[in-house]
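**Q** As a plain string of letters, each chain reads:
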Amino acid sequence: MSEQPEMICGIEIHQQLDTKKLFCSCESCLCDEGEGSYYRRLRPTTGETGEVDRAALAQFLRGLGYRYQCCGGSSCLVDLDEEPPHDVNAEAMETVLAFSAMMDAQVVDEVHFMRKIVVDGSNTSGFQRTALVSTDGKVEVNGKSISILSICLEEDAARKVDAADGEVTYRLDRLGIPLIEVATGPDMRTPEEVMEVALRIGTLLRATKRVKRGIGTIREDLNISIPGGARIEIKGVQELRLLPLYVENEVRRQRMLLKVKEVLESRGTGRAVFEPVDVTGIFGDCKSKVIKGALADKGRVMAVRLPGFAGVMNGDSGNLRLGAEMAQRARTKGVKGIFHSDELPNYGIEREWVDRLRESLGMTGENDAFAICAAGGKKANEALAMVVDRANEALDGVPEETRDPLPDGTTKYSRPLPGAARMYPETDVPPTPVTRERMEEIRANLPEFPEEIERRLMRDHGLNAQQARQIVRQSKEELFVRIAEEFNAAQVAATMFLNTYSEIERDGADPDSVSDETVMEIFRMLGHGRFAKEAIPSILREAAAGRTPEEAVGILGLEAVDAGEAEAVIRSIVMEREEFVRSKGAAAAGPLMGPVMEALRGKIDGRKASEILAEEIRKIV
Amino acid sequence: MSYSETLSKRLGSIGATEGAKLSVAAGGKKYTGTLMPHHDFSAEDVIVLKLKSGYNVGVRIDVDSRIEVLERPIPRERTEASVEPRAGLRNLVLIGTGGTIASYVDYRTGAVHPAFSASDLINAVPEIREVANMEARVLFSIFSENMDVGHWQELASAVAEEINRGADGVVIPHGTDTMGYTAAALSFMLGEVPKPVVLVGAQRSSDRPSSDAPSNLLASARFCASGERAGVFVIMHDTPGDDSFAAHIGPRVRKMHTSRRDAFRSINSPPAALIGGDGSIDFGPGRQVSRGKAVARTAMERKVVLLQSYPGMDPETFREIILGSRGVVIAGSGLGHVNGNMVPLIKEACDAGTVVVMTSQCISGSTNMNVYDTGRDLLSAGAISVADMLPETAYVKLMWALANSHDAEEAKRIMRTPLAGEMGDRRTIDV
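Sequences listed follow chains A and B, in order. Here the first sequence is numbered in this note's numbering, starting from 1 and rising by one per residue. Here the second sequence is numbered in this note's numbering, starting from 622 and rising by one per residue.
What the hints contain is simulated information worked out from the structure, not anything from laboratory work. Fair warning: there could be bad hints in the mix.
[Stated by the list, open to error] Partner residues aside, some chain A positions facing chain B, computed with beta carbon under 8 angstroms:
(1) Asp-81
(2) Pro-84
(3) Ser-125
[Said to hold, decoys possible] Straight-line C-alpha distance at most 25 angstroms; calculated DSS-like pairs for lysine-lysine:
(4) A:Lys-298 - A:Lys-287
(5) A:Lys-292 - A:Lys-235
(6) A:Lys-298 - A:Lys-379
(7) A:Lys-235 - A:Lys-333
(8) A:Lys-333 - A:Lys-378
(9) A:Lys-379 - A:Lys-289
(10) A:Lys-292 - A:Lys-116
(11) A:Lys-412 - A:Lys-261
(12) A:Lys-209 - A:Lys-261
(13) B:Lys-650 - A:Lys-144
(14) A:Lys-138 - B:Lys-650
(15) B:Lys-651 - A:Lys-116
(16) B:Lys-673 - A:Lys-138
(17) A:Lys-138 - B:Lys-968
(18) A:Lys-298 - A:Lys-378
(19) A:Lys-378 - A:Lys-289
(20) A:Lys-20 - A:Lys-160
(21) B:Lys-914 - A:Lys-116
(22) A:Lys-116 - B:Lys-642
(23) A:Lys-160 - A:Lys-333
(24) B:Lys-673 - A:Lys-235
(25) A:Lys-160 - A:Lys-292
This one's a predicted model, so the numbers in the text were calculated from it and none came from an experiment. Every residue, glycine too, gets a C-beta built ideally from N, C-alpha and C.
Could you build the full structure based on these sequences and the hints that come with them?
**A** And the structure:
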């Protein structure tokens, strides 16, 4: 990386536990299909003053509803909010207590579950059950102590599977899966450090042996700010390797916004006023597809003036991009997008219409700008109101907000930063006492720390430090030990986990989708001489594509050859190059190893092939 | 929900009242937070603090702990907006009785209040004002398991009073546990009531976003405002979804599930109406609204018992109870049977003037005492059967019949005569 941005970042990690659900006895696994569904609505409840939040109520009265799909073994009446929660899952509670002890955090004397109000439909009850278990912990990462503000035990939300007009469909399988939420202090200063800390906490979570693995089972929220910027929350990052990129991009975005502020300040730009103008008449004969489409749909083209905002919406060779922020905000009102004056003429809106627009809006000054939106009249107005709001926020720099991570490492606007959560006691769940004796017992039986596992792997299985660390990072230590002990193949296994897994991942497949039992089967077949160790990468690739090792061997034509067959193959390769062999003598072995392995890869051990080759060459010279 | 005596004393001595902001150092830990009420299942030496993050935590207090009051609680005010009635809408009266539908958690302190006032309920469902003019009064604030015969009587009188004062319908939020009994009691006490009287409950309390209280209330208001049906009804969810509701005939409804939203089912009879989420109503047969006066005949004979027969039932155990009652309802097995060794005791009671009524613990289906020997023996002993009437309804009706008749024979006649749709001789085939 070229730059070390000055930044402040804290993270929140949500890790699913591999137990039954937190408040019922359902299996905590996901289903491919939902069966049957129920329609529900969530009404904003009266607040502390006995009054209903007007904005929330207005949204409710607009009619948004939710449909909940049920799933055989992994949803029940509790998940559907048709039965009170059962007692908290003991194994999940034990895990979070042990993890708290590992983080050296202060565990509360009595754990009280709360209802955190969430009315986006992702919880059938309208709230998430969550409890603060411990505070003030720490974790050491690369010699630096990172503070752990809180460790909570909570339930995961339902999965959104569909959204149509006025109705969002959720599946209940994920709802209620226990999550450990770990929140760090704002202690990280570089994108790499953010990833290192996340990695370390993830490894410690896995050390409890009670966490789920795989995509979606661990999610990170990032809280990022730069000096002069504002706290931005990026919610729900699933891919650890993208963490530094999100951080870098967010730092860059905040710097860009500070630059925009500087430009606007230097110009003396004031707040834009939201006065939408109907400019539909101007566009009667416009060729732009977007405009034609909207007009054909009985929409209008609305415009707003943005005096003093020219050049910051898309300017300085694409370095200032306030326009993108305005468009994201506008889209929350259900429009496809907006056009702003920095990007016109373009998209089929020729110079002629831009000039007409400027004239009719009276936007003739050097820095005068405007934005238009073509959609249903009311929608277009709502979207442009967002545009004006967003433009005005730029005068103050960076607005606090929650952003959604996108797969390319950037983020998009999601909603304003939530206010203080409304929480009230979950009266249906009795508090869990945590006695000093219980904590002492937990501390005395803590799970093995990653460093201890590494030392054990080095001591018992002859791995070097780097191999041991990598295997622990991949959480493959148990599988590794099984392979090493059952098949006496520690080095082959180490090579597979270190090299083959990352190669397969680079090719876009997921080696972790191969079950432990399948990997064991591969080594069992290797032990029986069904193929040579060189074939492992190809077989694993096939297994990652969903095939059994047996099928893989068939597809790859890997049935091992016996020494006689191998000799015949190698002899013919040597004979074909007799001239060359005679001229080079024993030194011909090196260049000939390539064609030999090409013919026999995976069918015979490499060393054995090398021996036969040397023997065949010796016969000739 | 108050703290143990020791803790209360200690907190009181430094002026730490609920809602006060405290700094607490205990067991090597330090917390700053607002003092919450004691949780029923919390340990005796634990205080509950709400931290700035909104989380509650329990902190164990011992002699070495230090508690300091940082801020005193700020009292809060609640305002109630009054709303002018709108012309052209029907006028409904809401009579509050308590229960889940009216229970309420205070967000600031976390305490559970038993009474969410009747007007709070209406305020929580502002769209109800588009359906009808709503006026609210609170009669009781009790959970329905504590509802008694006296409450039924008071409630029936209040309903009649409101109707005679001009209400087009009465909506009664009620705890669900015994709502079926109250519905039966009102059905007999109010007889040919000229307007709709709807009992409505909730299986999820009103403080939750997912509560079924608002939608049940709205469906009840819509049913009453339709002006199509008179009588006593129970309106609740018809499925676990918030888009279907059923109006059940008062004496025909039973709570058939401990927790589901659609716990209330019509037994041995279809519901009186199905109400859609969009407000559409599909009416079954029923009595039309009329202009007459409401009359509450509230007299009840309290010496009535409801027994369930079971294998091994010993007549000696029940001898005193049965002979000491003016009325006995037995939820018998199958078609309406008891162990044969109970028959002599039942005969003795009948001979002494006690009315013994057989119903079935099968709940669904009708009694028929002609099929087996025991049934015939019971009839010969003097017991009567009441077709497909629910045991709970029979119990309530028998109290009413005995109080509103001159002798046992008349009471029996009343028991066998359908008065409020509580029994029928025809059960359709579900296809």
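**Q** Are the Cα atoms of Lys-209 of chain A and Lys-261 of chain A separated by 25 angstroms or less?
**A** violated, 49 angstroms
**Q** Straight-line Cα separation of Lys-138 of chain A and Lys-968 of chain B no greater than 25 angstroms?
**A** violated, 79 angstroms
**Q** Hint check: Lys-160 of chain A vs Lys-333 of chain A, CA-CA at most 25 angstroms. Holds or violated?
**A** holds, 20 angstroms
**Q** Quickly compare the C-alpha distance for Lys-298 of chain A and Lys-287 of chain A to 25 angstroms and report which way the hint goes.
**A** holds, 16 angstroms
**Q** Run the distance test for Lys-235 of chain A versus Lys-333 of chain A: straight-line Cα separation, threshold 25 angstroms.
**A** Holds, because 21 angstroms separates the two Cα atoms, which is no more than 25 angstroms.
**Q** Can the restraint linking Lys-298 of chain A and Lys-379 of chain A be considered satisfied, given a maximum Cα separation of 25 angstroms?
**A** Holds, at about 12 angstroms.
**Q** Can you verify the interface hint for Pro-84 of chain A: is its Cβ closer than 8 angstroms to any Cβ in chain B?
**A** With Cβ-Cβ at 6 angstroms, under 8 angstroms, it holds.
**Q** Given the hint that Lys-160 of chain A pairs with Lys-292 of chain A, test it: the Cα-Cα distance must not exceed 25 angstroms.
**A** violated, 33 angstroms
**Q** Would the hint linking Lys-378 of chain A and Lys-289 of chain A be met if the CA-CA limit is 25 angstroms?
**A** Roughly 21 angstroms separates the two Cα atoms, so the pair holds.
**Q** Are Lys-20 of chain A and Lys-160 of chain A close enough, with their CA atoms no more than 25 angstroms apart?
**A** Answer holds: Lys-20 of chain A to Lys-160 of chain A is near 21 angstroms, not above 25 angstroms.
**Q** Tell me if the straight-line CA distance from Lys-116 of chain A to Lys-642 of chain B falls inside 25 angstroms.
**A** holds, 21 angstroms
**Q** Starting from Lys-138 of chain A, check that the Cα of Lys-650 of chain B is at most 25 angstroms away, please.
**A** Holds - the C-alpha atoms of Lys-650 of chain B and Lys-138 of chain A are around 15 angstroms apart, at most 25 angstroms.
The structure fails to meet hints 5, 10, 12, 17, 21, 25 from the earlier list, while all remaining hints are met.
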